[in-house]
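With the hints as a guide, bring the two chains together.
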Amino acid sequence: MTANLISLLVLLPIGLTAVLAITGQRLPGLSRGLDVAGVTLLLVVSAGLLIAGAGNTPQVIELGNWAAPFGIVWVFDRLSGLMLLLTATVALLALIYAVRRDEDTAGPHFHALFQAQLFGLNGAFLTGDLFNLFVFFEVLLLASYGLLLHGSGRRRTRAGFHYVVINLIGSTLFLFAVGALYGTVGSLNLADISLKLPAVAPDAVPLVTTAIFLLFTVFLIKGAAFPLYLWLPGAYAHASIPVAALFAIMTKVGLYSVLRVDSVMLSGNTLGGLVETTSLIAPWLLWLGLITLLLAAFGVVSAGFLRRQVAYLIIASVGTILIALGLITGSSREAAISGALFYWIHTTILSAGFFLLAGLLLRHRPDAGDGIESAPPMPQAVLVGSLFFAYAIAMAGLPPLTGFFGKVMILAAALDSPMIAPIFAVILISGLIMIIALARAGSRLFFQTQAAPAQQPTHSMPADQKQALPGLNTAIVPLVLAAAMVVVAQPLTTWLETTASQITASKGYLEAVMPNGVLDPATAPGKSGMEGDH
Amino acid sequence: MTNIAISLLIGVLTGAGVYLALRAQTFPVVLGLTLMSYGVNLFLFTMGRLQTAAPAVIGATEHSTDPLPQALVLTAIVIAFAMTAFVIVLALKARAALGNDHVDGTHIPPPEQAPDHHEEPRA
Chain R
3 MTANLISLLV LLPIGLTAVL AITGQRLPGL SRGLDVAGVT LLLVVSAGLL IAGAGNTPQV
63 IELGNWAAPF GIVWVFDRLS GLMLLLTATV ALLALIYAVR RDEDTAGPHF HALFQAQLFG
123 LNGAFLTGDL FNLFVFFEVL LLASYGLLLH GSGRRRTRAG FHYVVINLIG STLFLFAVGA
183 LYGTVGSLNL ADISLKLPAV APDAVPLVTT AIFLLFTVFL IKGAAFPLYL WLPGAYAHAS
243 IPVAALFAIM TKVGLYSVLR VDSVMLSGNT LGGLVETTSL IAPWLLWLGL ITLLLAAFGV
303 VSAGFLRRQV AYLIIASVGT ILIALGLITG SSREAAISGA LFYWIHTTIL SAGFFLLAGL
363 LLRHRPDAGD GIESAPPMPQ AVLVGSLFFA YAIAMAGLPP LTGFFGKVMI LAAALDSPMI
423 APIFAVILIS GLIMIIALAR AGSRLFFQTQ AAPAQQPTHS MPADQKQALP GLNTAIVPLV
483 LAAAMVVVAQ PLTTWLETTA SQITASKGYL EAVMPNGVLD PATAPGKSGM EGDH
Chain Y
6 MTNIAISLLI GVLTGAGVYL ALRAQTFPVV LGLTLMSYGV NLFLFTMGRL QTAAPAVIGA
66 TEHSTDPLPQ ALVLTAIVIA FAMTAFVIVL ALKARAALGN DHVDGTHIPP PEQAPDHHEE
126 PRA
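If you read the protein sequences in the order shown, they are chains R and Y.
Residues in the first sequence are numbered consecutively from 3, following our numbering.
Residues in the second sequence are numbered consecutively from 6, following our numbering.
This is chain Y alone, in the form it adopts within the complex (with noise of 0.2 angstroms):
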């Protein structure tokens, strides 16, 4: 039953990240990227199979789990959050430069129309 919840959720959170990074504006992407990792982060860490009452330590219980996928899935955490802040502060770089926040910065606007543009375009 957990086995097929777990699945479950991997496929949800997986679908919906790259159904997001498809979207058009810089923001859905960003937080697609991050749905997609969180995603693989709990698919790593049930590479060592599901189990409960079993610590990974040998010898501490009758049954230890394996402890690589959580030193691996420790290592994917930090270095997908890292990734987010550097995306999400470039997101809002490419934002102030492009004047709008469609991923190909199309509708930049002439630098001397800029600053009267009544309607931001959307995309």
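Next comes chain R alone, as it looks inside the complex (with noise of 0.2 angstroms):
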């Protein structure tokens, strides 16, 4: 029951996107109505799951049900449920955001499209498969190239240009890190690759250390980390609103990758007896968070316009995260990764909010949008600044909201870590850079306001200073989720710091997908067994 659950939440949106690649044009209220029910229900069911503690051990679902190193094969475990958990919650409000807005209707099959995207993302959460990680992400990629374009104009199609070229070249690097694992390991499941590691013959040693170098670059593209990020604002502030808010959680998956491929496969491992690899990646993660937090600080300041600062936000809780991934001393590992999943739910529920309040600016504040300089006021301006307000404080980093805590329980991890000067000094200053930032991004926003234009009363009613705006409630809801996560705070941090030592040892991974251990090569079937026979 539990694994045909899991299940659903990859057949689903694959099935619904191919209904609704069928109804998009013809039917288009059924079409939204199909595709909020089919989100709904992965919602409901990846939350079920895990208050149900279906992820307490890791489930494995073998596909064809072939044992492991031969199939290819999902693992459910803590860390994947709370991914689709929040692909679920952000992909909901980015939708009911689109269809209040009719956003959705400003080209062809938008939700077909943002069921496959749901099919990518939830299929590379689960799988423990390199290859079918690989083969996932391509379909993330490919439905985002088609999320990214939706609508068209010109510099959208400028930065989907870029998007694409630098995904085609990840995709590349992918498949040459992947081939050469195979090529010297033998195996493509993560945790049979982990199992052989250690039996890696010396001479191999150098081609397997490129290629898992070669696959965290990967990882970083899609995470955006310094300095393989500069495609990610232009992207990401000039794609529509419901999709930019969806792809909040697209920079998760690489980091997911870089958490998932390093605590099953690196932590605690050793190539050929030769190289520690628990220490292999960390060192790197570590100083790149630390350049990319401060270079996103800097990018909060330059930006022109509210879409492209909240892009910069996302790339600074890139960097944040991957400083605390990259703490690996001692006991603070299971701290670090604790705070850093409290900061990974806070960040990316809050940015996706955030986008949805940006595009509330760009559509109905008069002449100037988004872009951050003096205009006449909006409506609903009291309201719409307090959102901001609130949303600034929280994503800085400032003390009653969600930012404050993920920022602490880093720091607080970080204290035993040689490294503690640098990382106390970059997330605090790139904190206060982001805080005065987003002040003066406010200020001209929502105080220095000019005059409303003289004929404005003439062909617009007074009441347009109280009119509704639609899909206001979308980014509400987001602040309600990260007070309710203060409110909830000890519980939360509890169920985390259990799922940080589920993610740290990884032995119970490896015993759930290989229980019989590696195979030995006499008895295993293929070329030694023929051999044998002859």
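No lab work stands behind these hints: they were computed from the structure.
Check before you lean on any hint, since a few could be wrong.
Stated by the list, open to error - Residues on chain R that point at chain Y, a partial pick, calculated with CB under 10 angstroms:
1. G153
2. G155
3. F163
4. V167
5. N169
6. V180
7. A182
8. L276
Each residue gets a CB set at the ideal place from its N, CA and C atoms; glycine is no exception.
In structure tokens form, the structure reads like this:
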């Protein structure tokens, strides 16, 4: 039953994609209903699975009932479950915004692409096989190309071309890495590779190391880390608003892959008994995270309009999470991962909400849109301004909201790291820079207003000042969720700590996927067995 | 001997692909991506080791080759084919929308001047 529900999380979106591709243009109302119902069902199922404790021990689904190294496996543990729940939450917010504001009718097949995107995301979060991960990456990327270009426009086309090219190069690198790993280690199953790494022949060690570095380069392209984040601000800032909100989860796919592959394959492992892999990647993550965070803070200052600013805030959150994932010294790793996960939930939900808020400014602010410049006041400026203020303090990491708690947890985990000085300096200074930039943006957007044009009352009703902003609720809900996260911070943190210890103790994952350990080559079917027969 | 030839071929394809992908016009970039995908497909294929007279069927002959890289390369070819088709359409769309084939879409002519622009701006 549990296995069926987990499979449903992947099979439902692809099934709906097929249906919506047919109904999309002919029956727009039905398509909307199907899409919303599908995403709601995903949300309910993933939340239900987590609440029922399905991921407490990793659940393995063997496709076609082929045992682990031969068939592809999907693994549902707490980390996967959390990612699936986050995906469904963000997707539902983005979708409701799109429907309320008719953004889905700006081009063909929005709903089919949306479900295809969810299919790729959910598959990537579940799979335990590197080549299957590549295929799901391609699925989610191809859907994201379509969604990014949804609605057309010059700047969107240009940003879309950059996004497509960098991701195609990333896919090529991914294939090189997968091929080199298969050629040397002889497996594509994450758990199987992990068990086989200590037995790699000494002369193959440099090749395997290269493949591992290539693999993480690809993940960091998707995750938008320095120096490979330059595609993100353009692509996210020029995408249509619900798509940009959904893309808040896309960088997290890269980060999830970093965390998953690092914890299962590298943590506590060796390469042919020669190279300790625990500290192979982590120091790089730490340094790249520091540089990413600092540069993203400058990006937040330099952004000329709010959507671009939010895009840089997403890069800043990537930097912060990478710093936490790079902390491997001693017992602080679990604390760092649980802090990173708390920050992860916070930043995914809130940056999606911030994009939706920027969308309201873009559509309703006279003359300037979401440009950070003075303009006549927008309708319901007090409410929207208050929301902006709440988002700003949450994203910059000021006390009452979640960003603060996430950063405190990460900083607390960094206390016994030898890198404590640069970590504290970068996180605190970049936080300050972002506060200044957001304060400046907020005052330009909401305080330095010009007088409304004189001719306005002649062709618009005075009641316009109280006009409803469709989709406003979708910008409020993320803040409510963030406030709820603060209220239940204690049980949530306990849950995340258990999750972090499940991630760091990769033995549980390995035993679930490969209960019998590595197959003995002498008894395994294949070449060596054949030669024995002859 | 074949080993060296195949390695050189992978290297040349990938190197030419990287060079073209760094060009400033969309068409060479698309061509470069295609060459890179050829290079990586060949690389994936050789990961099953180069063998002659060894079908991917156990028991048919004395030696059998590993079928998995062949399955992988088939998947990769299909995906690369679809991606190439997509990126060509996108490049054409960008050429139409931006008025030139520069990857950054620079030299966007102002809308009112666009029709009577005599020399096409080159990147």
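Hint numbers not upheld by this structure, sorted from lowest to highest: 1, 8
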